[in-house]
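2 protein chains.
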Amino acid sequence: MSNDIKIGIMSNDIKIGLFGYGCVGQGLHDVLNNSKGFRSNIDTIVVKNKHKQRRLPQDAFSFEKNDILDKQDIDLVVELIDDAKEAFDITKTALKNGKNVVSANKKMIAENFEELVALQKNHGAGLLYEASACASIPIIRTLEEYYDNELLESVSGIFNGSSNYILSKVINEGLDYPSALAKAQALGFAESDPTLDVGGYDAKYKLVILSGHAYGIFIKPEKVFNLGIDNLNEPIIRYARDQKLKIKLIAQVVRLDDKNVTAFVLPKLVNSDHPLYNVENENNGVIVRAAFSDEQIFIGKGAGGHPTGSAVLSDISANSYDYQYEYKKMSQANKFLFTNNVTIDIVAAGFNEDLQKIPFVSIQSQKQGLIEGKVKLETLIALQNEIRSSGIFIATTGEPEVLHTTFKNKDALVEV
Amino acid sequence: MSNDIKIGIMSNDIKIGLFGYGCVGQGLHDVLNNSKGFRSNIDTIVVKNKHKQRRLPQDAFSFEKNDILDKQDIDLVVELIDDAKEAFDITKTALKNGKNVVSANKKMIAENFEELVALQKNHGAGLLYEASACASIPIIRTLEEYYDNELLESVSGIFNGSSNYILSKVINEGLDYPSALAKAQALGFAESDPTLDVGGYDAKYKLVILSGHAYGIFIKPEKVFNLGIDNLNEPIIRYARDQKLKIKLIAQVVRLDDKNVTAFVLPKLVNSDHPLYNVENENNGVIVRAAFSDEQIFIGKGAGGHPTGSAVLSDISANSYDYQYEYKKMSQANKFLFTNNVTIDIVAAGFNEDLQKIPFVSIQSQKQGLIEGKVKLETLIALQNEIRSSGIFIATTGEPEVLHTTFKNKDALVEV
Numbered sequence: 002m003s004n005d006i007k008i009g010i011m012s013n014d015i016k017i018g019l020f021g022y023g024c025v026g027q028g029l030h031d032v033l034n035n036s037k038g039f040r041s042n043i044d045t046i047v048v049k050n051k052h053k054q055r056r057l058p059q060d061a062f063s064f065e066k067n068d069i070l071d072k073q074d075i076d077l078v079v080e081l082i083d084d085a086k087e088a089f090d091i092t093k094t095a096l097k098n099g100k101n102v103v104s105a106n107k108k109m110i111a112e113n114f115e116e117l118v119a120l121q122k123n124h125g126a127g128l129l130y131e132a133s134a135c136a137s138i139p140i141i142r143t144l145e146e147y148y149d150n151e152l153l154e155s156v157s158g159i160f161n162g163s164s165n166y167i168l169s170k171v172i173n174e175g176l177d178y179p180s181a182l183a184k185a186q187a188l189g190f191a192e193s194d195p196t197l198d199v200g201g202y203d204a205k206y207k208l209v210i211l212s213g214h215a216y217g218i219f220i221k222p223e224k225v226f227n228l229g230i231d232n233l234n235e236p237i238i239r240y241a242r243d244q245k246l247k248i249k250l251i252a253q254v255v256r257l258d259d260k261n262v263t264a265f266v267l268p269k270l271v272n273s274d275h276p277l278y279n280v281e282n283e284n285n286g287v288i289v290r291a292a293f294s295d296e297q298i299f300i301g302k303g304a305g306g307h308p309t310g311s312a313v314l315s316d317i318s319a320n321s322y323d324y325q326y327e328y329k330k331m332s333q334a335n336k337f338l339f340t341n342n343v344t345i346d347i348v349a350a351g352f353n354e355d356l357q358k359i360p361f362v363s364i365q366s367q368k369q370g371l372i373e374g375k376v377k378l379e380t381l382i383a384l385q386n387e388i389r390s391s392g393i394f395i396a397t398t399g400e401p402e403v404l405h406t407t408f409k410n411k412d413a414l415v416e417v
Numbered sequence: 002m003s004n005d006i007k008i009g010i011m012s013n014d015i016k017i018g019l020f021g022y023g024c025v026g027q028g029l030h031d032v033l034n035n036s037k038g039f040r041s042n043i044d045t046i047v048v049k050n051k052h053k054q055r056r057l058p059q060d061a062f063s064f065e066k067n068d069i070l071d072k073q074d075i076d077l078v079v080e081l082i083d084d085a086k087e088a089f090d091i092t093k094t095a096l097k098n099g100k101n102v103v104s105a106n107k108k109m110i111a112e113n114f115e116e117l118v119a120l121q122k123n124h125g126a127g128l129l130y131e132a133s134a135c136a137s138i139p140i141i142r143t144l145e146e147y148y149d150n151e152l153l154e155s156v157s158g159i160f161n162g163s164s165n166y167i168l169s170k171v172i173n174e175g176l177d178y179p180s181a182l183a184k185a186q187a188l189g190f191a192e193s194d195p196t197l198d199v200g201g202y203d204a205k206y207k208l209v210i211l212s213g214h215a216y217g218i219f220i221k222p223e224k225v226f227n228l229g230i231d232n233l234n235e236p237i238i239r240y241a242r243d244q245k246l247k248i249k250l251i252a253q254v255v256r257l258d259d260k261n262v263t264a265f266v267l268p269k270l271v272n273s274d275h276p277l278y279n280v281e282n283e284n285n286g287v288i289v290r291a292a293f294s295d296e297q298i299f300i301g302k303g304a305g306g307h308p309t310g311s312a313v314l315s316d317i318s319a320n321s322y323d324y325q326y327e328y329k330k331m332s333q334a335n336k337f338l339f340t341n342n343v344t345i346d347i348v349a350a351g352f353n354e355d356l357q358k359i360p361f362v363s364i365q366s367q368k369q370g371l372i373e374g375k376v377k378l379e380t381l382i383a384l385q386n387e388i389r390s391s392g393i394f395i396a397t398t399g400e401p402e403v404l405h406t407t408f409k410n411k412d413a414l415v416e417v
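In the order they appear, the protein sequences are chains A and B.
Numbering-wise (my numbering), the first sequence opens with residue 2 and increments by one.
Numbering-wise (my numbering), the second sequence opens with residue 2 and increments by one.
No wet-lab data here; the hints were simulated from the structure.
Any given hint could turn out to be false.
Given that identical chains are not distinguished, each listed pair holds provided it fits within a single copy or across any two copies.
Claimed, not checked - Below, a list of computed lysine to any residue pairs in the SDA-like style, where the Cα atoms sit at most 20 Å apart:
1) Lys329 x Gln59
2) Lys329 x Ile15
3) Lys245 x Ser273
4) Lys224 x Ala61
5) Lys377 x Gln59
6) Lys93 x Lys260
7) Lys368 x Asp71
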């Protein structure tokens, strides 16, 4: 094996135009260089900042996006930049030019999901984005290829590696929140502006993408409630420790009945029997519940240049075999609707006077700094800015109230 | 944008010819009857025994295999019978007649793997068998579509639900082995002749199949060492309890270096940090280790009519989209070789005079009824019948000695 970077083209190789050379871009480059079974080459790398020190010399880069987008013999655009708006622009132009695109940008995809599906259809070009949700876990392809949506009860899990890393440090090792956050940032797990991660936005974008592949619906990110771990406080940490529970930031999309699904991102208190109880640090874990296949759990690295690069490579490889998402569930007869009209069990921790503002439907217990009870998701959404700014930490303690009518008699004998 | 996206062609009302109406056949029937997103019909069911009481009336069945194999308008043969020899016969004839086949018969596939791949190629018909390995866990498709074999370090896990169920009952609940086995049989997890399950043969067939999709090699089942849990004895149970370890029956294929892989099925002692420590009862768990994606874990039901039926449905669905395994890794340049020339760490439990027969390379500790030490896998294989009949229980305590030369410096900075 050689450690040399291959720039320049060998015949029969796929020619890649790469946007971005940050953590994931470099990770992909390493993965590509070490793959023998699969041949492809990076033809052109376009980056934005002309003055940034990089591990490749300056002349390895271009700073003009049309060097990729207008270049006839580039077969595939791999988009790995941070800026969602710019990424959408690049992706749109590439698809319109008939070029296939691989992207890891969850925000860009979640915010433009419907348009991106239409663009693919109208221009006959494909967009793959396995790396956008839970990095190395092959969850999008699995949802796309498996699981009839009528039979799918829920998709849930730990979708954000940075938050999970911070929770591991705080809950298991007793670090305080700012130190844990600083450590996550130093390791490159969290963004320099960590709100995307710790506020549950990153998990929400992934949830929106998975909801599309699970239930064939486009949910606007702004309709989905997300509360993260940034309000982690002493009362909730003590509560969790006393009851030997862990706190995990869980994104979930749940089928409520034959017509409706709900989706939200909220911390959850889990006991040692929960399948994600031992998923620690930067790992992600996804639980897929379906009527007949029962419960499936997928665990793997959810962050980091190499795991994400490896997921990008799997898309590059799939693209070379002409794989495209078929969005099968979007063409099925039964259309699901998204709703926030659902009751959830929560525990809220904070100052007593702030806690009074939460419109509980019923209260189960109440003590200094803590209220447990039931609340309507739609009323929480109306208050989300107030909750964030008041420092209240909210965690769910159970599953949303579901009413699965379709499969009641799945165990009944089949009749002829 | 309209909601009636159709990318790709959906062939509705596929006509299925079904062989076998046991646990999995009935499970598939239930799953098909409840699926709305996907339409297909069982046209003909062929079973063997004319006098068996079934949940459908007698006239729902045919007893003549050519009623399926010769019928022009049956698109797909679904083979769910027990008899591996008969299943191979059916599969071979169907493929030769240009009919695609879905099978769940691990023994049939493992024993005829190379010929089955050739038959598909020569007759342009496809054979899918996701349900044959770990039932509802989509592991074959994942290995096939992801993971460059050069980067794959190992695939290992709990592949047999019945054995795992028995181990859970014995280790966690203190049942004796015969009671646990009887309970597994009563629940339909274990065959009436349980040797296939508890002797590690079933896990071995699955391992052979996964090795093909992981490393592009055909391994003859008889070359692969398998020892199961049927010799479970007091000394090993006490040893595990004293050290707070659990016993899991683990099948594993491991890349030793650039050229060689080894594969075997043996019980393993695992501590609470092991990703499969909490995988209990009839659940299966698969660990995929790769250089860049790191460690991926898949957990799900490994037995039962509905989970297996659901995996069969996913193949029926994939078939309707013309999906076929491409066996990509078999056409890659680097060919792996299978070897048993590897040293493993074991603990052997039984009568002292029997334990003396095990040709340890080195002994680490020795006490009444127990020896811990290193042993060559190839010397164990030579003794396998003697080990089985003498009642010795063997468990591995670590990983096989591997020498990954290829990716030593994967974390080093890339140089130009």
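Do the hints match the structure? See the list:
{"no.": "1", "hint": "Lys329 x Gln59", "in the structure": "neither (44 Å within a copy, 37 Å between copies)"}
{"no.": "2", "hint": "Lys329 x Ile15", "in the structure": "between (28 Å within a copy, 17 Å between copies)"}
{"no.": "3", "hint": "Lys245 x Ser273", "in the structure": "both (8 Å within a copy, 17 Å between copies)"}
{"no.": "4", "hint": "Lys224 x Ala61", "in the structure": "neither (42 Å within a copy, 50 Å between copies)"}
{"no.": "5", "hint": "Lys377 x Gln59", "in the structure": "neither (55 Å within a copy, 53 Å between copies)"}
{"no.": "6", "hint": "Lys93 x Lys260", "in the structure": "neither (32 Å within a copy, 44 Å between copies)"}
{"no.": "7", "hint": "Lys368 x Asp71", "in the structure": "neither (64 Å within a copy, 74 Å between copies)"}
When the structure is compared with the earlier hints, violations turn up for hints 1, 4, 5, 6, 7 and for no others.
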